[in-house]
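As given, the protein sequences belong to chains V and Y, one line each in that order. The numbering of the first sequence is our numbering, which starts it at 5 and goes up by one. The numbering of the second sequence is our numbering, which starts it at 71 and goes up by one.
One or more of the hints may lead you astray.
[What the hints assert, rightly or not] Some chain Y residues well away from chain V (every beta-carbon gap over 10 Å; in silico):
#, residue
1, Pro120
2, Phe135
3, Lys141
4, Glu182
[Said to hold, decoys possible] Think about it this way: if two alpha-carbon atoms lie no more than 27 Å apart in a straight line, the pair counts; the simulated DSSO-like pairs of lysine-lysine are:
#, chain 1, residue 1, chain 2, residue 2
5, Y, Lys141, Y, Lys183
6, V, Lys15, Y, Lys133
7, Y, Lys152, Y, Lys141
8, Y, Lys183, Y, Lys133
9, V, Lys15, V, Lys99
10, Y, Lys141, V, Lys99
Please keep in mind that the hints were generated in silico from the structure rather than gathered at the bench. All C-beta atoms, glycine included, are put in the ideal place defined by N, C-alpha and C.
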Amino acid sequence: MSRFRPPVRSKGDGFVVDLGTDESDLIRRLIGELRSMLTDPSPDPGVEALLVRLFPPAHHDDHEMEAEYQRLMREELVQSKLSAFDIVDETLAGKGRIDEARLLAVMQSINSIRLVLGTMLGVSDDPDADEVTAGLESSAEYHLYSYLSWLLEWCVRALGAG
Amino acid sequence: MSRVFVTRCSAARHNGGVPTTLEPTRVIEPDVDEQVAADHPWIVIVWNDPVNLMSYVTFVLQKLFGFSNEKATALMLDVHHKGRAVVANDTRERAEMHVFRLHEHGLWASMEKDGPST
Chain V
5 MSRFRPPVRS
15 KGDGFVVDLG
25 TDESDLIRRL
35 IGELRSMLTD
45 PSPDPGVEAL
55 LVRLFPPAHH
65 DDHEMEAEYQ
75 RLMREELVQS
85 KLSAFDIVDE
95 TLAGKGRIDE
105 ARLLAVMQSI
115 NSIRLVLGTM
125 LGVSDDPDAD
135 EVTAGLESSA
145 EYHLYSYLSW
155 LLEWCVRALG
165 AG
Chain Y
71 MSRVFVTRCS
81 AARHNGGVPT
91 TLEPTRVIEP
101 DVDEQVAADH
111 PWIVIVWNDP
121 VNLMSYVTFV
131 LQKLFGFSNE
141 KATALMLDVH
151 HKGRAVVAND
161 TRERAEMHVF
171 RLHEHGLWAS
181 MEKDGPST
């Protein structure tokens with residue numbers, strides 16, 4: 005049995021993201037799905053609802069300012085996420101060292117997927133409620149969410165050490 | 071509303087969202103409301119949410135605001151236990167940029183005016 009190697013680690017003056025082929029393919033597929041959701045010119049309400057955590061309100065107490073913020077910034081935020089997704093694809097397609105800016109983009113993208121899965125699963129930290137919607141504790145989505153949390157922790161650990 | 075905001079957003083797009091002192095691309099003549107708003111501090115708030123990991127929130131606060139690990143951890147714990155924490159106090163423009171960058175990282179952030187305008 006080979007020694008465990010962190011999936012994300014600092015190396016020299018950069019970082020490596022070292023995933024198996026299956027894991028890379030899975031993440032690139034999820035990124036592809038999220039890209040389609042974000043670029044769909046007329047998404048159905050179900051898709052919109054899944055994306056809610058990606059676009060939090062900036063002004064809770066002023067509807068006019070909030071509308072203005074969303075009008076000006078939502079597209080910026082979408083473009084920022086799409087640029088980060090491109091970096092994930094490039095990073096997972098190659099095996100070379102990446103710089104901090106690229107690992108930050110990978111980290112943000114992994115979290116974007118978690119935010120959508122978390123919404124899908126109804127994740128809650130209410131002590132009186134189940135952690136996820138009843139019946140979903142053993143779903144594939146929940147295992148995927150847990151896996152991405154683990155991967156995100158390694159990104160944070162590598163960046164904190166780098 | 072604010073032409074200043076649009077210009078700043080467009081400047082920020084080209085440098086990864088980092089607030090800069092780049093010259094605006096056109097002459098801006100702010101109206102009175104904008105000047106009043108710019109003179110008064112706004113607070114940037116991060117809210118608790120069940121999806122973002124504690125280690126991730128701590129790291130993002132350190133990265134975006136240059137906080138020490140101790141300070142970022144204390145703010146993260148405030149978010150976790152009290153439901154929210156004020157992470158910045160700034161002009162409206164800069165508060166908007168902070169909120170945008172927190173949203174880029176998926177944190178639940180908002181801004182509001184700090185106290186009554188006098």
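Status of each hint after checking the structure:
no.	hint	result
1	Pro120	violated (4 Å)
2	Phe135	holds (15 Å)
3	Lys141	holds (15 Å)
4	Glu182	violated (6 Å)
5	Y/Lys141 <-> Y/Lys183	holds (23 Å)
6	V/Lys15 <-> Y/Lys133	holds (20 Å)
7	Y/Lys152 <-> Y/Lys141	holds (16 Å)
8	Y/Lys183 <-> Y/Lys133	holds (24 Å)
9	V/Lys15 <-> V/Lys99	holds (12 Å)
10	Y/Lys141 <-> V/Lys99	violated (36 Å)
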